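The opening residue of the sequence shown carries number 6 in my numbering; numbering runs sequentially from there.
Because the hints were derived from the structure by calculation, they are not lab data.
Remember, predicted model here, so these are calculated numbers, not experimental data.
From the three backbone atoms N, C-alpha and C, an ideal C-beta is built for every residue, glycine too.
Heads up, a few of these hints could be off.
Distance ranges between label pairs, derived from CB positions [said to hold, decoys possible]:
#1 26 to 53: 52 to 60 Å
#2 8 to 38: 56 to 64 Å
#3 37 to 62: 23 to 31 Å
#4 16 to 41: 54 to 62 Å
#5 64 to 32: 54 to 62 Å
#6 19 to 45: 51 to 59 Å
#7 27 to 59: 51 to 59 Å
#8 67 to 28: 41 to 49 Å
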Amino acid sequence: MSKIRLMTLLVPVVLVALFAAACASEEAPAPAPTPDFSALIQQAMQSQPSGATPDEVAAAVPA
6 MSKIRLMTLL
16 VPVVLVALFA
26 AACASEEAPA
36 PAPTPDFSAL
46 IQQAMQSQPS
56 GATPDEVAAA
66 VPA
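My request is simple: use the sequences and hints to build the entire structure.
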């Protein structure tokens with residue numbers, strides 16, 4: 006088989022293989038949910054007596 010004929014057959018096969026590999030996609034995992042900071046602060050505020058200082062509220066919010 007001549008080199009030209011071999012290249013004529015080999016190039017399209019390689020291109021199809023590269024195209025198939027590039028187009029194969031795996032689904033990305035879902036991102037982790039963002040914590041609801043508003044709800045965390047609201048829960049902390051409900052558990053504090055009225056007139057709590059900002060330091061007391063900050064200590065009640067989980068990090």
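Right, here's what the structure says about each hint:
1. 26 to 53: 52 to 60 Å: holds, 58 Å
2. 8 to 38: 56 to 64 Å: At roughly 58 Å between Cβ atoms, residue 38 and residue 8 fall inside 56 to 64 Å, so the hint holds.
3. 37 to 62: 23 to 31 Å: holds, 26 Å
4. 16 to 41: 54 to 62 Å: holds, 55 Å
5. 64 to 32: 54 to 62 Å: Between residue 64 and residue 32, where Cβ atoms are some 42 Å apart, the hint is violated.
6. 19 to 45: 51 to 59 Å: The hinted range 51 to 59 Å holds for residue 19 and residue 45, with Cβ atoms some 55 Å apart.
7. 27 to 59: 51 to 59 Å: holds, 55 Å
8. 67 to 28: 41 to 49 Å: This hint holds: roughly 45 Å between Cβ atoms.
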